[in-house]
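The lines below spell out each chain.
Number of protein chains: 4
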Amino acid sequence: MAAQSKPRARDLGIPFDGTPGPLNAITDVHGVEVGYTTLISGSGKLKVGEGPVRTGVTAVLPRGKNVFGDPVFAAWYSLNGNGEMTGTTWVEESGFLEGPVMITNTHSVGVVRDAVIQYRVQHNNDAANSVWWGLPVVAETYDGYLNDINGFHVKAEHAFHAIDSAAGGPVQEGNVGGGTGMICNGFKGGTGTASRKLEAKDGGYTLGVLLQCNYGQQEQLRIAGVPVGRELPPGIPRTRDEGSIIVVVATDAPLLPHQLKRLARRVPLGLGRDGSYSGNGSGDIFIAFSTANPGAWDRKGVKSLSMLPNDEMDPLFLATVQCVEEAVINAMVAAETMTGINNHTVNAIPHQELQDVLRKYNRLLTAK
Amino acid sequence: MAAQSKPRARDLGIPFDGTPGPLNAITDVHGVEVGYTTLISGSGKLKVGEGPVRTGVTAVLPRGKNVFGDPVFAAWYSLNGNGEMTGTTWVEESGFLEGPVMITNTHSVGVVRDAVIQYRVQHNNDAANSVWWGLPVVAETYDGYLNDINGFHVKAEHAFHAIDSAAGGPVQEGNVGGGTGMICNGFKGGTGTASRKLEAKDGGYTLGVLLQCNYGQQEQLRIAGVPVGRELPPGIPRTRDEGSIIVVVATDAPLLPHQLKRLARRVPLGLGRDGSYSGNGSGDIFIAFSTANPGAWDRKGVKSLSMLPNDEMDPLFLATVQCVEEAVINAMVAAETMTGINNHTVNAIPHQELQDVLRKYNRLLTAK
Amino acid sequence: MAAQSKPRARDLGIPFDGTPGPLNAITDVHGVEVGYTTLISGSGKLKVGEGPVRTGVTAVLPRGKNVFGDPVFAAWYSLNGNGEMTGTTWVEESGFLEGPVMITNTHSVGVVRDAVIQYRVQHNNDAANSVWWGLPVVAETYDGYLNDINGFHVKAEHAFHAIDSAAGGPVQEGNVGGGTGMICNGFKGGTGTASRKLEAKDGGYTLGVLLQCNYGQQEQLRIAGVPVGRELPPGIPRTRDEGSIIVVVATDAPLLPHQLKRLARRVPLGLGRDGSYSGNGSGDIFIAFSTANPGAWDRKGVKSLSMLPNDEMDPLFLATVQCVEEAVINAMVAAETMTGINNHTVNAIPHQELQDVLRKYNRLLTAK
Amino acid sequence: MAAQSKPRARDLGIPFDGTPGPLNAITDVHGVEVGYTTLISGSGKLKVGEGPVRTGVTAVLPRGKNVFGDPVFAAWYSLNGNGEMTGTTWVEESGFLEGPVMITNTHSVGVVRDAVIQYRVQHNNDAANSVWWGLPVVAETYDGYLNDINGFHVKAEHAFHAIDSAAGGPVQEGNVGGGTGMICNGFKGGTGTASRKLEAKDGGYTLGVLLQCNYGQQEQLRIAGVPVGRELPPGIPRTRDEGSIIVVVATDAPLLPHQLKRLARRVPLGLGRDGSYSGNGSGDIFIAFSTANPGAWDRKGVKSLSMLPNDEMDPLFLATVQCVEEAVINAMVAAETMTGINNHTVNAIPHQELQDVLRKYNRLLTAK
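Top to bottom, those sequences are chains A, B, C and D.
Using the numbering used here, you'd call the opening residue of the first sequence number 153 and step up by one each time.
Using the numbering used here, you'd call the opening residue of the second sequence number 153 and step up by one each time.
Using the numbering used here, you'd call the opening residue of the third sequence number 153 and step up by one each time.
Using the numbering used here, you'd call the opening residue of the fourth sequence number 153 and step up by one each time.
Note that these hints are calculated values from the structure, not bench results.
No false leads were mixed into what you were given.
Given that identical chains are not distinguished, each listed pair holds provided it fits within a single copy or across any two copies.
Pairs of lysine to any residue residues, derived as SDA-like cross-links and limited to a Cα-Cα distance of at most 25 Å, are as follows: (1) K349 / K455; (2) K349 / R451; (3) K199 / N276; (4) K353 / R382; (5) K199 / Q270; (6) K452 / G355; (7) K512 / E383; (8) K353 / G453; (9) K353 / D404; (10) K307 / N276; (11) K512 / R162; (12) K217 / D463; (13) K199 / N495; (14) K353 / I388; (15) K452 / D404; (16) K199 / G303; (17) K452 / E351; (18) K353 / D450; (19) K217 / K455; (20) K217 / P461; (21) K349 / V454; (22) K307 / Q274; (23) K455 / R215; (24) K455 / G355; (25) K455 / H182; (26) K512 / P167; (27) K349 / S157; (28) K307 / Q270; (29) K455 / A352.
Using the sequences and the hints given, assemble the complete structure.
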């Protein structure tokens with residue numbers, strides 16, 4: 153698979169705690185599918201409306217193609233709300249995520265949001281013919297340093313394609329989908345993922361994370377606890393933390409909405425390990441869902457549910473923190489140097505130099 | 153029962169919507185018990201520490217005497233937080249209410265809070281012998297106009313007695329328990345209760361409310377939609393809304409914590425019917441719990457639960473609004489004129505004049 | 153002015169408390185402007201994409217045309233989140249509303265949201281040429297009973313026009329802007345407004361409300377405290393409260409963001425007076441802003457601000473409750489009978505019969 | 153000063169980012185005072201009510217002895233609410249902290265809470281003679297592994313003493329005040345503090361943290377990014393994260409309440425650096441206040457305030473993260489081995505071995 157031909161953070165010998173699932177990806181959670189539309193075209197000077205274009209759309213489908221038919225329990229949390237995630241007011245109220253989680257650039261949230269409704273109308277007789285409304289969940293990060301963001305290049309069909317192309321299996325990382333034009337900790341950012349498989353004694357659940365990372369300052373970057381940011385050659389200068397990070401947490405553990413909020417609230421603990429201080433300009437918004445309890449949403453009649461006791465949630469908390477810590481680094485390791493508008497170039501984090509710094513601090517494993 | 157010998161709001165011919173349970177009380181929710189300690193002593197000039205005393209403690213036990221053994225799902229909401237309800241941070245986090253809801257005066261929250269822990273330690277070997285901690289829920293309203301509040305007359309044993317005396321059946325209203333020294337909408341306030349029994353087609357659930365009401369200005373008081381406050385003879389002058397109202401909502405409908413929060417958020421709609429604007433000085437804090445799903449809290453192993461769909465909650469929302477509207481008036485109708493510190497006197501709302509005003513507006517039913 | 157040629161609620165003799173500003177409209181708050189695009193075309197059977205169309209866009213500009221240049225302190229609250237208001241995560245985080253409040257139908261939130269960004273890009277060199285992003289506030293209510301909502305008839309230019317047409321002065325009510333296709337308490341709903349002017353001793357501030365009301369069941373409707381819904385001839389049957397209400401509260405009182413949230417939390421008290429129980433299907437979302445403290449948002453340097461003490465907020469709380477109570481009824485009184493898709497007809501509340509019911513309950517003033 | 157005679161984390165050569173204030177303590181924020189009552193008595197087998205006693209009370213006074221006369225802007229945040237911080241509902245509503253922040257053991261919150269009211273009544277004629285109420289802020293962590301917590305050894309006078317003994321200058325760390333019986337990351341925990349002084353170009357503000365740390369598992373402990381927990385000899389076995397951490401953030405930067413909440417939300421980023429995953433049993437509750445804007449609370453008349461723009465908050469966010477990271481380690485370094493009830497012993501983190509591990513990872517500075 154192309155998706156896995158690039159080295160990932162562990163392949164470089166970076167140490168992380170915990171046991172990943174088979175793919176070390178959000179798709180290790182059974183049923184979860186990920187799709188992308190990646191838009192890359194043009195080069196040279198920005199001409200608003202004509203490009204260059206470096207953007208895209210990401211779709212996370214909690215139950216694959218049945219995304220609209222069987223909503224999942226969900227909850228969200230905003231660490232720093234300089235961003236957008238539509239639909240969260242209903243997630244908070246109802247306890248359900250009733251469609252996919254879409255991620256795109258800041259100025260294309262609207263088109264993607266209406267497109268999800270349109271998609272459903274076109275694919276669902278109930279939606280088209282009856283009193284039905286939708287409140288899609290669409291999040292964003294800003295890609296205007298590389299992308300002609302005010303050219304509004306994302307169209308409804310790009311959202312449709314991201315949904316249609318969603319699949320299980322290995323998940324592409326780096327410059328793909330909504331993550332195409334991202335910058336993270338001074339280097340090229342993008343999409344990253346990771347997962348953890350709990351031990352049988354802890355329920356054997358799987359928890360996975362997918363994130364679109366666009367935040368941070370190089371100076372603060374820590375990898376495996378090592379302050380590598382200060383020792384690597386300078387990437388792009390960024391005087392402030394102006395980006396954002398959107399995090400999607402998925403699990404098959406039977407958690408209720410208020411318990412899923414507890415997962416979402418742990419995301420900052422993982423970001424903290426990587427050195428984030430969540431700057432004013434950062435939209436750090438997180439959503440967590442559980443694929444357990446199929447059928448819970450059905451409108452009629454008392455539902456039978458399963459719930460994990462609060463007292464047994466600790467391994468899931470730890471898995472969340474570990475996955476976030478690793479998925480950010482996975483995104484950075486996978487992202488490749490990109491040149492966008494006005495010949496702005498953002499370099500990938502240099503793998504060799506990164507390994508050298510980790511070795512200096514006795515934190516490099518023997519690379520696989 | 154003495155508790156029912158006084159007329160209640162409906163007995164005066166005041167119209168309310170909906171169908172109450174047999175007792176029109178929170179105890180119509182199976183298992184819920186209410187207990188009081190009422191402290192009334194002394195008269196005349198205030199001598200801090202000596203009285204006069206006009207205060208007390210109220211205890212609401214969600215599952216009667218098994219209050220500590222089997223926590224209930226719960227949630228809370230603060231309309232105006234000029235008040236205290238301890239333990240809510242854990243209610244919010246865990247989704248559970250792990251003991252009784254206690255209500256007392258503002259300056260006795262602490263003693264009652266520690267007393268609940270002490271009570272449990274004394275009655276439970278687990279608590280006494282193992283690593284165990286408690287985060288009791290204790291709320292308050294201010295009774296310093298009638299009571300020697302800075303004399304700290306509430307002691308641990310008064311909290312114990314309120315718990316021990318809790319019972320099902322008819323619920324005393326007016327000048328009892330924590331509600332002893334209350335003032336509401338310019339007249340004597342106190343404790344009030346009401347319930348609604350849903351139709352079978354709506355699940356046949358019961359929802360009940362108990363409240364300690366101490367808020368409001370006479371000028372704003374509406375009863376059955378009639379602005380009676382302006383037409384009744386003046387009660388005590390109060391230039392501001394300086395009191396508070398604590399509301400406990402109980403139901404046997406199988407609601408999850410995030411759904412119970414939805415009930416708590418409806419309480420203001422009921423207060424609005426009675427004319428409240430929730431002044432700055434008012435501590436308007438509400439807690440809702442469900443007695444369904446016994447055993448949900450048990451620490452070990454995945455639990456099987458029941459959940460009512462969001463789409464079937466409307467009758468419970470309406471019942472909450474109706475119960476709050478009625479329970480405030482029940483508290484006022486039951487409360488009797490009281491004289492407290494420094495010969496401060498607060499008059500009961502005059503029943504006859506109230507009926508006259510309602511009749512003027514064609515809103516008086518034939519009194520039962 | 154056409155806007156004022158129709159009778160308003162007070163013109164019918166309906167009694168409300170408090171003293172309105174000169175226009176009894178949100179535009180009594182100095183600087184606030186309101187603009188509409190109203191889309192009405194076609195008739196007969198629904199053909200998705202072709203109509204009939206009964207929808208629109210409303211724009212509320214806190215500081216008129218300087219809406220983007222000088223953001224206002226703001227806060228929001230969701231009573232029942234079955235709806236959308238984009239941009240609220242940043243309002244909550246930053247304390248500022250950085251552009252207009254837009255209101256449209258549920259399925260057009262996205263197009264209006266991106267259009268606000270596009271509008272700013274086109275009108276502002278800074279936005280077009282520099283690193284700039286926008287998180288517009290766009291809310292919605294559902295008009296699919298009358299409007300071809302899945303035809304997506306709202307376009308970017310309709311949002312532009314609503315902004316461009318914004319003005320102070322009298323505010324049109326009823327079937328205008330985003331309120332065109334609304335249903336409220338069983339009758340035709342739409343846009344409504346009201347204001348209150350505080351007494352000089354209370355600071356002399358002005359507070360105004362504009363709302364798009366689409367919620368409620370006829371059976372629950374109370375006007376001036378009278379349960380008129382049950383006595384009026386039946387409007388459309390609605391078995392559930394499936395609509396929504398968006399409320400915008402504006403004031404010139406110098407309130408900080410956390411104080412504006414206190415205003416937003418009072419909106420339910422006003423809705424309660426009109427009989428709402430905020431059904432599961434209702435998106436009841438409110439935003440409050442203050443036009444005081446111009447320049448507060450400027451990015452550089454410590455700002456000097458004014459703040460009203462919490463202890464002096466009570467008249468503003470009461471004004472909020474009163475304005476909400478009245479603006480809902482203003483919307484209903486102004487809205488005219490409308491026929492939309494599939495010949496669905498929603499009747500206006502009958503003025504004469506309404507007066508008759510109020511008279512029966514001795515609650516009709518001599519009509520002006 | 154005895155307080156400073158023990159080595160602190162930096163004295164051992166542990167590297168931290170940023171520039172501390174002169175004392176590297178919360179008292180670097182002008183006006184902030186800290187007081188303690190430390191209760192240590194008895195040894196051997198637990199006899200409930202008789203000891204051994206290993207507990208205490210901590211008082212943080214935002215404006216020193218004028219703590220009640222001039223409240224400070226404040227906000228709070230709960231990362232994991234398995235704990236108590238009374239008074240937060242009013243902090244959230246009003247934007248003010250109206251007295252000290254008190255910290256004690258879990259089962260003594262009530263007595264300390266009422267004692268703060270009593271203290272004020274005794275020291276303030278207004279409080280004693282007029283309609284006045286108080287809603288003290290009292291937080292806790294659990295010390296029942298070392299302390300006879302169910303013996304309720306904390307009395308009102310211990311709270312009085314903590315307030316009375318408060319002073320500026322160096323701050324004792326480790327086994328003092330409420331932190332006396334704490335356990336942190338498998339070793340002895342307690343009270344810790346740290347501060348940062350911003351550069352003049354960033355406003356030159358000071359930000360300080362005081363925390364009572366009782367959370368964590370040894371296995372997760374990271375110091376300066378190094379996973380030292382796994383390399384140190386085993387401390388006490390703890391299978392779960394059952395403790396808690398209370399964090400107080402103080403600054404002289406002119407922040408409004410909603411901005412202070414932003415500081416409180418950054419605390420987890422600092423805890424993340426130290427390896428926390430915030431277990432289910434942990435009460436991780438944080439409060440932040442600003443000593444700027446004296447007089448803001450006064451009840452009468454519009455106030456003039458200063459506010460730092462959101463765009464200039466980043467250095468304060470980073471300082472918060474850095475102070476939390478360091479103060480936890482300061483608490484652990486200062487805490488000394490303690491034996492409590494039933495001869496339970498909790499070892500201090502071994503300084504020499506800790507230095508050895510850091511050296512192994514090239515993360516030990518030359519010790520001062």
